[in-house]
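Visitor: If you want the building blocks of each chain, they are given just below.
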Amino acid sequence: MLADWLYIGIFLIISLFLPSVALIVAGILGPKKPNPVKNSTYECGVETFGESLTQFKVQYYLYALVFLVFDVEAIFLYPWAVAYQVQTVFYVVEAIIFVLILLFALWYAWRKGALEWV
Amino acid sequence: MTADFATMLSAVFPEIGLVVLMVVVLGLDLLWRDERVRRLGWITAAGCLFLVVLSLVFALPPAEPLLIWGGMLRLDAAGFVFRIVFLLGAALTALFSLGQDDLQKHGEYYGLMLVSTLGMSLMASAADLIMLYLAIELTSIPLYVLAGFRFRDDKSVEAGIKYLLFGAMTSAVMLYGLSLLYGFSGTTQIAELAEQIDRHSVPVSLLVISLVLVLVGFGFKVSAVPFHFWAPDVYEGAPTPVAGYLSTASKAAGFAVLMRVILTGFWAVTPIWMDLIAGLAIVSMTVGNLLALTQTNIKRLLAYSSIAQAGYILVGVAAGTSFGMSGAVYYLMAYLLTNLVAFGVVSVVGQRVGSDDLSAYAGLSRRAPAVALILLISMLSLGGIPPFAGFVGKVLVFAAAVEAGRWWLALIGVINSIVALYYYLIVLKSAYLLRSEDEQKPLQLMAGWRVALLVCVTGVLVLGVVIAPWFEWAGKAGWALSIY
Amino acid sequence: MIPLSWYLIFAALLFCVGLYGVLARRNAIGIMMGVELMLNAVNINLLAFWSYLYADRLNGLVFVAIVFVAAAAEAAVGLALIISAYRRRNTVIAEELTMLKG
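Sequence lines, in order, name chains A, B and C.
Adding 1 to a residue's 1-based position in the first sequence gives its number in our numbering.
Adding 59 to a residue's 1-based position in the second sequence gives its number in our numbering.
Adding 205 to a residue's 1-based position in the third sequence gives its number in our numbering.
To be clear, the hints were calculated from the coordinates, so they are not data collected in a lab.
Among the clues, some could well be false.
Pairs of lysine-lysine, DSSO-like flavour, derived with a Cα cap of 30 Å [what the hints assert, rightly or not]:
1. K500(B) x K58(A)
2. K58(A) x K214(B)
3. K113(A) x K214(B)
4. K164(B) x K488(B)
5. K164(B) x K113(A)
Some chain B residues judged to face chain C by a derived CB distance under 8 Å, without partners named [said to hold, decoys possible]:
6. M67
7. L68
8. L234
9. D497
Chain A is faced by these chain B residues, among others (derived, beta-carbon under 10 Å) [unchecked claim]:
10. A62
11. D63
12. F64
13. V82
14. G86
15. L89
16. V96
17. R97
18. G166
19. E167
20. I268
Glycine residues also receive a C-beta, built at the ideal position from the N, C-alpha and C atoms.
Modelling step: build the complete structure from the supplied sequences, incorporating the hints.
Guide: This is the structure:
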C-alpha cells in the first residue's frame, strides 16, 4: 500500500525536477540579446491586439450548447462499448435509436440556424 | 414477477409514441416553415389523444403490479391513470396555446411540452431511484424553458430563471437525500428500500434526515408551503397555458412520486412522515388561502389557490391509507380538469382583453356568457361546491383523513375550504356583477379554445356526478401505490 | 485506506458549501455554480458508498452517470435562460429580477 504511494511521490519529484532543470539551465546558459520584436507576445504569428482577458462573444455559447449534446452522448456510449462483448441485437438497435435521436436534434438545431454566425 | 419482452414493449408504447410525436412535430416545424406551422397545436392535441387510446389498448395494467425493464418501471394502475391524466393535460394545454403567435409558431414549444409529458409519465411509473431522478429532470428541464419561452417578454424570462434556480436547488437537495437512501440500503429499487433499510438496521434519525431532504424536492414539485415561493411568480410570468400545465400536470406528477416513494421507501418511519405530511398540508392550506385573499392578479390568485389545493391533496396523502391515496388520485384528476379550465379562461381573457387583472373580468358575463359560465363552474369546483368534481375530491380526501383518525386535519381542511370560497366568489363577482364599458363587444373564441373549454367543463361535471367508474380507477391506483 | 466516513463528511461539507453558495450568492451564475457543487457532493457520496459497500452491483455507478448528464443538461438550459435575461435586462443579479412579486 505505502509502496504504491512512494512510486507516485517519486514520479512527482522527477516530473517537477526535469522541467525546472531544463528551464534553469536554459536561463543560465542562453545568450540574452533582447529587442522589442523578441519581447512582444507571440500569438500564432499574428500581431496581437487588445487585452488577453477579453470576454468571449455570447454566440460561442450556442456552439457549446450543441457540442454538449455529443459530449454527454459519450457518457452513455462508453459503458455501452465496454459491454460490447455481451450485447445482443437489441442493445445495438437501442444505441442506434439513441444516436439517431441525437442526430435529429442536431439537424433541428442546424436548420433552425443555431450553427450560423449572427 | 418478471415480464416477457412483448409485454414490456407494449407497456411503454405510449412513451415511445410521445417521442415519435415529438419528432413528427419538430420535423413538420422544419419542413413547413410558414403559416401551416399553426396547425402543430392541433397535431399535438390529436397525437396526445391518440396516445390515450393507445395506452387504453396496449398498456392496460395487469391485476398484479409488474416490474419491467430491469426494475426501472412498474406497470400498475397508478402509472396508467397518471399517464392518461398527463396526456389529457398536454392535449388541452396544446389547444389553449393556439392563437398565441409567440408560442404556436414555434414547433419547439410543443416539442418541449411533449418531452415534459414523457418525463411525467415516466415519473408516475418509475420504480427505481435512478429512473425517478432522470424522469424528474426530464420533466423539469423543458418546463424551465417553457416558463421562460417568451424570451422577448421580461416577465416570462424572469419566471423561467426563478423556476430554474428554485428547481435546480431543490432537485439537488432531493438528490442528496436519494444518495443517502442508496447508501443506507445498497439498492436503488424503491420496492427493496424498506426491506434493506430494515436489514441494515439504519438509525431512525438518519432516515428522517433523508426523508426531509427528499421531501424538499417533492414539496417543490407539488408547490407545498414552505417550498412554494416560486409558484406565484412563475405562474404570473409564464405564458398562461404553460402556467396551467405547471399547476396541474406537473403537480400531479409530483404527487405520484411523492406517494410512491414515501409509502414504500420510508415504510420504516411511517408515523413520522405522516406527521410531516400533515404539517405540510396544514401550512399549505392555510398560507395558500390567506395569501390568495389579497391578490388582484388572477394568475397569482390561482397560484396561491393551487398551493392551497396541494394542501388538500396532502391531507389525503397524510392519511397514509390506500383509501387516502385513492382520494388523492381522484382529487388530482378533478383538479387537473378544473384548474386547466380556469387557466383556459384566463388565457382566453388575457388574449382578448390583454390583461390578467381581476378588473379585466368586469362585464364578462355580458361579453361572453358561455365563458363566464365556464369560469363559474371552475371556480365553484375549485371551491368544493357540489355537483362539481372538486367537491367529490374534497369529500374523499377529508373522509380518508377522518377514517385514519385525523379528524382535526379534516376539520382544518373544511375551515380552509370555507375561507377559500371567499376569493373564488370575488372572481365571480367581477365577472357577473361588475359592469364595464366594453360590455357590448363580444369575445371572439377560437375553435380550439372552444373544444378545450368544452372538454374540460364536461369532465368537471362528469367527475362530479358520475363518480363510480372514475373512483374505481382511482381506487386501483391508490391500491397499487400502497402495495408492494 | 481512507475510511468511508471521510468521504461522506467531505461530501456533506461540499454540499453545505454549495447550499450556502445558492442561498448567499446574488449572481444567477454563482447560484448555478453552487448547484453544481451540490450535485458533485451527491456524486462523491454515491461513488463512495458504491465502492466501499456495494461494489458488486452497478447501480451506484449508473446513478452517477445519470446525475452527471442531468447536471450538464440543467446547466446548459440554465445558462441559456440567464443569457436571455441578460440580453433583456443587462443583469444576472437574481435580486434585481423583481418584476414579479406580491
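Visitor: Look at each hint and say if it fits the structure.
Guide: Hints, one by one, checked against the model:
1. K500(B) x K58(A): violated (50 Å)
2. K58(A) x K214(B): OK: K58(A) and K214(B) at ~25 Å, within 30 Å.
3. K113(A) x K214(B): holds (25 Å)
4. K164(B) x K488(B): Since the Cα atoms of K164(B) and K488(B) sit roughly 36 Å apart, the hinted pair is violated (cutoff 30 Å).
5. K164(B) x K113(A): holds (13 Å)
6. M67: Interface hint status for M67(B): violated (19 Å vs cutoff 8 Å).
7. L68: With a minimum Cβ separation of about 22 Å from chain C (threshold 8 Å), the hint on L68(B) is violated.
8. L234: This interface hint holds because 5 Å falls under the 8 Å limit.
9. D497: violated (26 Å)
10. A62: violated (15 Å)
11. D63: violated (13 Å)
12. F64: For F64(B), the interface hint holds, since the closest Cβ of chain A sits about 8 Å away, which is under 10 Å.
13. V82: holds (6 Å)
14. G86: holds (8 Å)
15. L89: holds (5 Å)
16. V96: For V96(B), the interface hint is violated, since the closest Cβ of chain A sits about 13 Å away, which is over 10 Å.
17. R97: With a minimum Cβ separation of about 18 Å from chain A (threshold 10 Å), the hint on R97(B) is violated.
18. G166: With a minimum Cβ separation of about 9 Å from chain A (threshold 10 Å), the hint on G166(B) holds.
19. E167: Result: holds, 8 Å to nearest chain A Cβ.
20. I268: violated (30 Å)
In summary, the structure is inconsistent with hints 1, 4, 6, 7, 9, 10, 11, 16, 17 and 20 from the numbered list given earlier, while agreeing with the others.
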